[in-house]
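Participant: The chain contents come next:
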Amino acid sequence: MSRHYGDVRAVDSVDLEVGEGEFFALLGPSGSGKTTSLRLIAGFDQPTSGHIEIFGETAEGVPPYRRNVNTVFQDYALFPHMSVRDNVAYGLMIRGMGRKDRYLAAEDALEMVRLPGYGDRPPSALSGGQRQRVALARAIVNKPRVLLLDEPLGALDLKLREQMQEELKSLQQALDITFIFVTHDQGEALSMADRVAVFNQGRIRQIGSPEDIYQRPRSRFVADFVGSSNVLEPSFVKDLTGTGTWASLRPEAIRIGDEDGHPATVVSRSYTGAMNRIGLEIRGVRLTATVPADVPVPAVGASVTASWDAAALHVMGADA
Amino acid sequence: MPFDRQKRASLGLTIAAGCGLAFLHLPILLIFVYAFTTEEKSYRWPPPDLTVKWFSVTWNRPDVWEALGLSVQVAAISTAVAMILGTLCAAAVARTKFFGRETISLLVILPIALPGIITGIALRSAFNIADIPFSIWTIILGHATFCVVVVYNNAVARFRRTSGSLIEASMDLGANGFQTLRHVILPNIGTALLAGGMLAFALSFDEVIVTTFTAGQQATLPIWMLEELVRPRQRPVTNVVAMVVVLVTFLPILGAYYLTRDGDRVAGHGK
Numbered sequence: 001m002s003r004h005y006g007d008v009r010a011v012d013s014v015d016l017e018v019g020e021g022e023f024f025a026l027l028g029p030s031g032s033g034k035t036t037s038l039r040l041i042a043g044f045d046q047p048t049s050g051h052i053e054i055f056g057e058t059a060e061g062v063p064p065y066r067r068n069v070n071t072v073f074q075d076y077a078l079f080p081h082m083s084v085r086d087n088v089a090y091g092l093m094i095r096g097m098g099r100k101d102r103y104l105a106a107e108d109a110l111e112m113v114r115l116p117g118y119g120d121r122p123p124s125a126l127s128g129g130q131r132q133r134v135a136l137a138r139a140i141v142n143k144p145r146v147l148l149l150d151e152p153l154g155a156l157d158l159k160l161r162e163q164m165q166e167e168l169k170s171l172q173q174a175l176d177i178t179f180i181f182v183t184h185d186q187g188e189a190l191s192m193a194d195r196v197a198v199f200n201q202g203r204i205r206q207i208g209s210p211e212d213i214y215q216r217p218r219s220r221f222v223a224d225f226v227g228s229s230n231v232l233e234p235s236f237v238k239d240l241t242g243t244g245t246w247a248s249l250r251p252e253a254i255r256i257g258d259e260d261g262h263p264a265t266v267v268s269r270s271y272t273g274a275m276n277r278i279g280l281e282i283r284g285v286r287l288t289a290t291v292p293a294d295v296p297v298p299a300v301g302a303s304v305t306a307s308w309d310a311a312a313l314h315v316m317g318a319d320a
Numbered sequence: 321m322p323f324d325r326q327k328r329a330s331l332g333l334t335i336a337a338g339c340g341l342a343f344l345h346l347p348i349l350l351i352f353v354y355a356f357t358t359e360e361k362s363y364r365w366p367p368p369d370l371t372v373k374w375f376s377v378t379w380n381r382p383d384v385w386e387a388l389g390l391s392v393q394v395a396a397i398s399t400a401v402a403m404i405l406g407t408l409c410a411a412a413v414a415r416t417k418f419f420g421r422e423t424i425s426l427l428v429i430l431p432i433a434l435p436g437i438i439t440g441i442a443l444r445s446a447f448n449i450a451d452i453p454f455s456i457w458t459i460i461l462g463h464a465t466f467c468v469v470v471v472y473n474n475a476v477a478r479f480r481r482t483s484g485s486l487i488e489a490s491m492d493l494g495a496n497g498f499q500t501l502r503h504v505i506l507p508n509i510g511t512a513l514l515a516g517g518m519l520a521f522a523l524s525f526d527e528v529i530v531t532t533f534t535a536g537q538q539a540t541l542p543i544w545m546l547e548e549l550v551r552p553r554q555r556p557v558t559n560v561v562a563m564v565v566v567l568v569t570f571l572p573i574l575g576a577y578y579l580t581r582d583g584d585r586v587a588g589h590g591k
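Heads up: the sequence lines are chains A and B, in that order.
Taken in order, the first sequence gives residues 1 to 320; the numbers are from the working numbering.
Taken in order, the second sequence gives residues 321 to 591; the numbers are from the working numbering.
Since the hints were made in silico from the structure, they are not lab data.
Glycine is no exception: its CB is placed at the ideal position from the N, C-alpha and C atoms.
Please note: incorrect hints may appear among the correct ones.
Said to hold, decoys possible - Which chain A residues stay away from chain B? Per the calculated CB distances, all over 12 angstroms, these:
#1 20
#2 49
#3 75
#4 80
#5 234
#6 293
Said to hold, decoys possible - Here chain A is said to cover these stretches of chain B; the calculated rule only asks that three of the stretch's residues, wherever they fall, bring their Cβ under 8 angstroms from a Cβ of chain A:
#7 406-414
#8 487-499
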């Protein structure tokens, strides 16, 4: 499917299939087309060309209110004039469910997101994390087959975000519904998703499991964006292996001090808690290596040797 | 220099503020006092004696009731027209992007900046060219030109403060356009519409200039008062009516002020 705004190709020939019950992440920098893709699935936007199917049913032209898909919005979009309970019960009210039944269902949903008894409060009385949970409850109470999440954790602080990541994951497993999750945080995508699609400039650059994406990036962009891989230029790779292609090398795959390694100079070192990050220079090329914090680190300016398994050098395409 | 809230205002400032307020409001009090005077041919200070008989005289004058009835009708209908047109226009300007959007926004606001006499002359010539006879409906049309502005301004400000994703959230949860309007949009812009409507009503109720150009034989209450002032008899009747007009227009304006006063939080914004 594609969505163009004038000359801007916000989503350009994206081809994507998400399995039932899958936790699927759309990962990419801002403006890469991931949120537009989500809006196309939700029905807020129509594709310029192409085709969308939701569980075998054509979705083009179907308005958002007739799709069995619910969305958790980036700014939560809670209705400010309603209590938390009425917010959560909104979808059920629209479907014509009686007051008593829908309030019971709303309380169940609030319990699932660990906010029991918050029904009477106005959304303005809740913290950011609590509003996020209410937005989640408001979506899952409708028992959608697909839940779309648009950077739902973006506004939370780090600790809350990590906690919500775990909760979202277990919620998805408990509900057994498809989650499609938009994020620009590669750590979030890798830790939560079953599969990840990496977006850049409106196109999907790679789809695969988190391990695939992280260890076997198919292009320079993916290697750069997902984690902090060393991206090696073709000329350098040719010197090492004889073939001139782009390649990536994970920092933790580099060993320092082996006898038959490449001669290298230490140019920087920094301590990051669990790891020491060491900047190396090999034949004029800068590489980053990480070693466990308990391994002694050579001083800056020291001459060392660096080596890695041939399999760790991952060959990839050149496109951006 | 930081402004010190604890410090009392100086004596000179207090006197100046008092004089300013007196200048603004004493004339109005004077109108009220003259409503009780026994002297009916001219306004003489001090009033020779006080009486309440003008209230019953006013009550029994059919021309007062006629003018009042016309004014209420005109104000009510032009406010209703303005609420519909102003809200629709505000929704279009605040919610969508289209070519000429800023121009339309300016053109909608322009009638209130334009001197009433220009609006009046323009409308009068337009009605003449189109061969529309002057009636209550031409007055209503004239009033609607500036009532729309008031409603539009209130509605557009509230639309801008209401997060756009609220509407999407409602659609996402299964509500169609009408249900979204009823359950989400109207509750969020309701007070702004009410405030705009009240202001529009008050503006229309005491409008003179546009009315003189667009009315035929009918006299709205302000027009009736102007005519009454040149007559030598029963002058305090005008003052009694003036008191009623002050009360009728003051209450909606006060209400509008309270309705929009504490509305500066962004509706539907999560963070």
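Participant: If a hint holds in the structure, say so; if it doesn't, say that too.
Facilitator: Results of checking the hints against the structure:
{"no.": "1", "hint": "20", "verdict": "holds (20 angstroms)"}
{"no.": "2", "hint": "49", "verdict": "holds (23 angstroms)"}
{"no.": "3", "hint": "75", "verdict": "violated (4 angstroms)"}
{"no.": "4", "hint": "80", "verdict": "violated (5 angstroms)"}
{"no.": "5", "hint": "234", "verdict": "holds (45 angstroms)"}
{"no.": "6", "hint": "293", "verdict": "holds (36 angstroms)"}
{"no.": "7", "hint": "406-414", "verdict": "violated (count 0)"}
{"no.": "8", "hint": "487-499", "verdict": "holds (count 10)"}
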